[in-house]
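Number of protein chains: 2
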Amino acid sequence: MQQHPFDQAIALQADGPDRFTGHCGRSYWNMLGPFGGISAATALQAVLQHPARLGEPVSLTVNYASALVEGPFTVVVRPVRTNRSTQHWMLELQQQGAHGSLETALSATALTALRRPTWGASDVPFPEVPVPDSLDALRRAFPLEWFNRYEVMSVCGGIPNAWDGAEHRGGPDTASLTRIWMRDAPQRPLDFCSLTALADVFFPRVFLRRASRVPAGTVSMTVYFHAGGELLRECGTGFVLGQARGQVYRNGFFDQTAHLWNTAGEPLATSTQVVYYKE
Amino acid sequence: MQQHPFDQAIALQADGPDRFTGHCGRSYWNMLGPFGGISAATALQAVLQHPARLGEPVSLTVNYASALVEGPFTVVVRPVRTNRSTQHWMLELQQQGAHGSLETALSATALTALRRPTWGASDVPFPEVPVPDSLDALRRAFPLEWFNRYEVMSVCGGIPNAWDGAEHRGGPDTASLTRIWMRDAPQRPLDFCSLTALADVFFPRVFLRRASRVPAGTVSMTVYFHAGGELLRECGTGFVLGQARGQVYRNGFFDQTAHLWNTAGEPLATSTQVVYYKE
Numbered sequence: 001m002q003q004h005p006f007d008q009a010i011a012l013q014a015d016g017p018d019r020f021t022g023h024c025g026r027s028y029w030n031m032l033g034p035f036g037g038i039s040a041a042t043a044l045q046a047v048l049q050h051p052a053r054l055g056e057p058v059s060l061t062v063n064y065a066s067a068l069v070e071g072p073f074t075v076v077v078r079p080v081r082t083n084r085s086t087q088h089w090m091l092e093l094q095q096q097g098a099h100g101s102l103e104t105a106l107s108a109t110a111l112t113a114l115r116r117p118t119w120g121a122s123d124v125p126f127p128e129v130p131v132p133d134s135l136d137a138l139r140r141a142f143p144l145e146w147f148n149r150y151e152v153m154s155v156c157g158g159i160p161n162a163w164d165g166a167e168h169r170g171g172p173d174t175a176s177l178t179r180i181w182m183r184d185a186p187q188r189p190l191d192f193c194s195l196t197a198l199a200d201v202f203f204p205r206v207f208l209r210r211a212s213r214v215p216a217g218t219v220s221m222t223v224y225f226h227a228g229g230e231l232l233r234e235c236g237t238g239f240v241l242g243q244a245r246g247q248v249y250r251n252g253f254f255d256q257t258a259h260l261w262n263t264a265g266e267p268l269a270t271s272t273q274v275v276y277y278k279e
Numbered sequence: 001m002q003q004h005p006f007d008q009a010i011a012l013q014a015d016g017p018d019r020f021t022g023h024c025g026r027s028y029w030n031m032l033g034p035f036g037g038i039s040a041a042t043a044l045q046a047v048l049q050h051p052a053r054l055g056e057p058v059s060l061t062v063n064y065a066s067a068l069v070e071g072p073f074t075v076v077v078r079p080v081r082t083n084r085s086t087q088h089w090m091l092e093l094q095q096q097g098a099h100g101s102l103e104t105a106l107s108a109t110a111l112t113a114l115r116r117p118t119w120g121a122s123d124v125p126f127p128e129v130p131v132p133d134s135l136d137a138l139r140r141a142f143p144l145e146w147f148n149r150y151e152v153m154s155v156c157g158g159i160p161n162a163w164d165g166a167e168h169r170g171g172p173d174t175a176s177l178t179r180i181w182m183r184d185a186p187q188r189p190l191d192f193c194s195l196t197a198l199a200d201v202f203f204p205r206v207f208l209r210r211a212s213r214v215p216a217g218t219v220s221m222t223v224y225f226h227a228g229g230e231l232l233r234e235c236g237t238g239f240v241l242g243q244a245r246g247q248v249y250r251n252g253f254f255d256q257t258a259h260l261w262n263t264a265g266e267p268l269a270t271s272t273q274v275v276y277y278k279e
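For the protein sequence lines, the chains are A and B, in the order given.
Residue numbers 1 to 279, in this note's numbering, belong to the letters of the first sequence in order.
Residue numbers 1 to 279, in this note's numbering, belong to the letters of the second sequence in order.
Hints are supplied without guarantee of correctness; some may be wrong.
Label pairs and their computed distance ranges (CB to CB) [stated by the list, open to error]: (1) G236(A) / P215(B): 30 to 40 Å; (2) G120(A) / R140(B): 50 to 60 Å; (3) H23(B) / T263(A): 32 to 42 Å; (4) P130(B) / A211(A): 31 to 41 Å; (5) P143(B) / R233(A): 38 to 48 Å; (6) P215(B) / A11(A): 57 to 67 Å.
A short list of chain B residues far from chain A (calculated; beta carbon distances all over 10 Å) [unchecked claim]: (7) G22; (8) C156; (9) R179; (10) N251.
Hints listed in this document are in silico derivations from the structure and should not be mistaken for laboratory results.
In this text, a Cβ means the ideal position worked out from N, Cα and C, and glycines have one as well.
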């Protein structure tokens, strides 16, 4: 059976203690390098495959230091502290630079933990939205390879109809809110790595806010995992509802938040990212 | 002139390339170790004091691996990638463990950048709130030393009047929303480090949500800086408005967001953190 493109893209081979190798291919190619979500998923995969790993992911922060290039890469990953039920990780993804030496393209920290059942609640209400079958696919602003790896149905806040630079106003619920149903294409059962990538599927809020395709790229993303492995397995290949909102845009950087739920309205993850933009 | 307690607490001495030493004292003491905000500020201070630093802070993620103990610590900090206008940092704060070896108590990543004027906006409206002078000081749930280092005026969402375990319901704007005016005590001009600490002044949302003092502690915090150094200097010793909201509480961890503005309503920082809680 042929491997799913997602599993191919995040595949890692052990290469000594605290070290893995992988290969950056074109299947999730974005503008100048791979889709940031696939690099974040690869970072998490290194933690998950580490033989000393304790528990399941609680948080992940990935910093995009430079665009990855097609070809091999190395992940150096180590548990910096292991407590009774929590474990802290640091990692760097490196590629050979112009002068032959290894250079860091991505840095990350993660927390894994043994989680136990407790009281629970959500203060982020699941929005009332139509089912995916009733919706149109999200219109894409560019022809990029990684778009073909996702099925995305637009609920609201799609790509502007015209790049006319008309500033989008009206408060947080209208100016920069996007809701989409999304899943891997071809379908693939949800897990921590694919959920991580889904947290980065939203296009930059600045496109929506300004009706303008200004150059923009994520520089840091944080994902908090609220679902455990069992809940993710129950999600199977079902759609995930994603909601993104812009926050503050100033002097070349803005941030946006994301919330992800399964079709039953159960929260799976929350995320935030800071994005470089020009002009 | 005596040094401000904040400056004393975050003071670092160079100790060779990529290395600083400092001292963890009692002036910002919390329950079992120092207030997390002062540790985050110390991490940022190490980046700011590094001789190779480029630009001003854009993002900071701090992971609390273990409570710091009173006494000396070492910060190992290095730029992992320096681009034309951005720079990525990784650091570890270490203390001597029970067996004499250095152990990591805190890990962090940061991004600094040379920022240029661009189009800007905010999708997070500055809330309508009374001026600080008209408000009462926030009632504190515990007698902790670090409370004495901040002047905090309560706008809404204060500590529950009774720890009766009555679950607080009513949606995101009421169930876990707190607004406070805050500043250093004694007063101290705002800068990147003190702003970082202010992002962690909010008490855990789970206290408010459950009217119960369940054990809770931040495990990871991310701060995005929207203000540059110039805007921070203009803030002087004025109050900062902070708003915190809970998001998802599940199986021992919950996350909360924070937004910080100056008295003129200009956004200074946004933040998010994930917090361990018991039961």
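Verification of the supplied hints:
Checked against the hint of 30 to 40 Å, the C-beta distance between G236(A) and P215(B) comes to roughly 35 Å, which is consistent with it. At about 27 Å, the CB distance of G120(A) to R140(B) disagrees with the hint of 50 to 60 Å. Taking the beta carbon of each, H23(B) and T263(A) are about 53 Å apart, not inside 32 to 42 Å as hinted. P130(B) and A211(A) have their C-beta atoms about 37 Å apart, which keeps the hinted 31 to 41 Å range intact.
Between P143(B) and R233(A) the C-beta distance comes to about 46 Å, which sits within the given range of 38 to 48 Å. Distance hint check: the CB atoms of P215(B) and A11(A) are about 40 Å apart, inconsistent with the given range 57 to 67 Å. G22(B), annotated as away from the interface, keeps every beta carbon of chain A farther than 10 Å; the closest lies near 19 Å. Residue-level check passed: C156(B) sits 15 Å from the nearest beta carbon of chain A, beyond 10 Å.
Residue-level check passed: R179(B) sits 15 Å from the nearest beta carbon of chain A, beyond 10 Å. The claim that N251(B) is not at the interface with chain A is violated, since a C-beta of that chain comes within 10 Å of its own (minimum 4 Å).
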